[in-house]
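Novice: Below are the chains, spelled out letter by letter.
Number of protein chains: 2
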Amino acid sequence: MTIDEFQKLIQDTYFERDNDRGAGGTFMWFTEEVGELATAIRRGDRENLLEEFADVFAWLVSLASITGVRMEDAVRKYAEGCPYCKKIPCDCSNKV
Amino acid sequence: MTIDEFQKLIQDTYFERDNDRGAGGTFMWFTEEVGELATAIRRGDRENLLEEFADVFAWLVSLASITGVRMEDAVRKYAEGCPYCKKIPCDCSNKV
Numbered sequence: 032m033t034i035d036e037f038q039k040l041i042q043d044t045y046f047e048r049d050n051d052r053g054a055g056g057t058f059m060w061f062t063e064e065v066g067e068l069a070t071a072i073r074r075g076d077r078e079n080l081l082e083e084f085a086d087v088f089a090w091l092v093s094l095a096s097i098t099g100v101r102m103e104d105a106v107r108k109y110a111e112g113c114p115y116c117k118k119i120p121c122d123c124s125n126k127v
Numbered sequence: 032m033t034i035d036e037f038q039k040l041i042q043d044t045y046f047e048r049d050n051d052r053g054a055g056g057t058f059m060w061f062t063e064e065v066g067e068l069a070t071a072i073r074r075g076d077r078e079n080l081l082e083e084f085a086d087v088f089a090w091l092v093s094l095a096s097i098t099g100v101r102m103e104d105a106v107r108k109y110a111e112g113c114p115y116c117k118k119i120p121c122d123c124s125n126k127v
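So the protein sequences, as listed, match chains A and B. 32 is the number of the first residue of the first sequence in my numbering; add one for each residue after it. 32 is the number of the first residue of the second sequence in my numbering; add one for each residue after it.
You may find that some hints are simply not true.
Identical copies go unnamed one by one, so any copy, or any two together, can satisfy a pair.
Using 20 Å as the maximum straight-line C-alpha spacing, the simulated SDA-like pairs for lysine to any residue come out as follows [to be verified]:
#1 Lys-108 / Asp-51
#2 Lys-108 / Cys-123
#3 Lys-108 / Gly-55
#4 Lys-39 / Thr-98
#5 Lys-39 / Cys-113
It is worth saying that the hints were derived from the structure and are not from the lab.
Only chain A is shown next, with the shape it has when bound in the complex:
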């Protein structure tokens, strides 16, 4: 699935409600899911881990849609590898 396809799927499913709620409220939902992801990583429950990664990603792309961002445009930042040291793999000294 392309990033565009996933963003469109989430848009078709959630845009109206998320847009009505607005960026602030939607960001709160997003951060709830980030917390649930932390729990899932800590517990190591594989099925739940996949679910929470999906939820965080879904809320992230919904936030992108309601703020007018196309994720496929955003990720071009990483198209050539690390955008800071310009290498693959990254050898930035400040990312330890």
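Guided by the hints, dock chain B onto chain A, whose structure is given.
Specialist: What follows is chain B alone, placed relative to chain A:
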């Protein structure tokens, strides 16, 4: 770009360092970027907004890689629309 391709790109660029650091430390970096995304949304600076969405997504997929999750598998949760009410668009009553 597919979700797999982006995850592979980030893996090629950052996996070794992120894996050495571990999930906890990488989660901290991820949450720093979530904070920067909040700032970008608040300020409305379009160029910075795209950058921060990209950074959050990159750190999210890197977390997925180091915890053994393939994002393309995770997003199947949303393949049929809302995983809870099973509709497109969602009409769950608890997502306002």
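Novice: For which of the previously enumerated hints does the structure constitute a violation, in increasing order of number?
Specialist: Hints 1, 3 are the ones this structure does not satisfy, whereas the remaining hints hold.
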